[in-house]
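Visitor: Sequence:
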Amino acid sequence: MWRKARIVMAGACAAGVCVVPTATGPATAATTETAIAKAAPAKTVSAKAAIAKAVTTEAATAKTATTGTVAAKAATPAGVKKKPYCTRYKCIALTFDDGPWPYTPALLDTLKKHRAKATFFLLGRKVANRPELTRRIHEEGHDIGNHTWTHPSLTELSDGEVFDEVSSTSNIINQTIGETPDYMRPPNGATNSRVASLMADLGLPQILWTGSTLDWQARDTKVIAQRTLKLARRNGVILLHDIVPETVKAMPGVLTALEKRHYKFVTLTTLLQGRTLRPGEVYPPRGR
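Residue numbers (my numbering): 22 to 309.
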């Protein structure tokens with residue numbers, strides 16, 4: 022019933038671009054989107070369009086200069102299929118949540134120095150406040166994922182509130198960098214079958230982690246570095262936060278140490294080469 026109602030509430034649509042009204046979601050989402058609409062046309066993507074976007078973005082991703090990512094046609098003879106990058110190299114995906122934040126530029130400088138790529142799961146309200154920094158993350162070859170507008174536990178919200186938190190964030194990211202995110206990360210890892218179904222409607226796989234540093238609790242550069250190195254594993258997905266200054270300070274030493282272990286720092290897109298996640302699917306699976 023809710024989904025049918027959502028279609029009725031969808032508002033005006035043109036050329037496949039729809040604006041979803043904010044009825045029960047965050048007030049900040051509605052006010053920010055209104056302000057942005059005055060400066061640039063809204064580029065809200067419907068659920069089906071978001072799914073299609075996940076497919077079409079693969080071609081663009083192949084052109085992105087992520088670590089070791091090269092267009093297959095240019096790198097291999099005709100008729101020879103090249104193995105995914107992370108089957109040939111020891112990859113790790115460092116992921117940073119809750120930005121963009123004033124500490125993010127220093128982190129980007131460190132990543133650039135080490136030729137490292139990462140994945141940033143951004144909050145919609147912070148993207149609205151820091152569009153230039155969001156564009157820098159994108160332009161420097163990092164992945165950008167959806168981390169909701171206000172960071173609530175989605176399992177505690179109504180269907181309409183969940184939809185608003187996630188769709189409003191995808192919309193502002195699209196308006197800022199011209200692309201809709203291919204992934205989302207539920208805050209606190211809080212998800213269930215209902216949330217998974219809603220994410221399937223939005224065309225977004227759910228990204229969790231193989232290890233969390235709990236850096237937001239530690240607030241200690243040495244401890245964060247030790248935990249990150251301990252959690253490191255081939256094809257691992259490590260949870261960190263660029264809103265924690267001690268994490269940003271720990272990264273130069275962490276990257277240097279992992280380089281000595283022959284790790285390649287890649288985006289989630291590169292890590293998943295050769296595998297397509299279903300909308301709503303949880304990766305890595307629980308229990309890994």
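No lab work stands behind these hints: they were computed from the structure.
In this text, a Cβ means the ideal position worked out from N, Cα and C, and glycines have one as well.
Check before you lean on any hint, since a few could be wrong.
Heads up, simulated DSS-like pairs for lysine-lysine below, C-alpha to C-alpha not over 27 Å straight-line [claimed, not checked]:
#	residue 1	residue 2
1	Lys243	Lys102
2	Lys103	Lys251
3	Lys251	Lys281
4	Lys134	Lys111
5	Lys102	Lys133
6	Lys251	Lys111
7	Lys102	Lys281
8	Lys104	Lys270
9	Lys251	Lys102
10	Lys243	Lys270
11	Lys281	Lys243
12	Lys102	Lys134
13	Lys281	Lys270
14	Lys251	Lys133
Label-pair distances were calculated between CB atoms; the ranges are [said to hold, decoys possible]:
#	residue 1	residue 2	range
15	Gly274	Thr108	26 to 34 Å
16	Lys251	Ser218	18 to 26 Å
17	Arg299	Gly199	36 to 44 Å
18	Gly210	Lys251	33 to 41 Å
19	Lys104	Glu177	27 to 35 Å
20	Pro126	Ala211	37 to 45 Å
Visitor: When the hints from earlier in the document are held up against this structure, which numbers fail?
Guide: 1, 2, 5, 7, 8, 9, 12, 16, 17, 18, 19, 20
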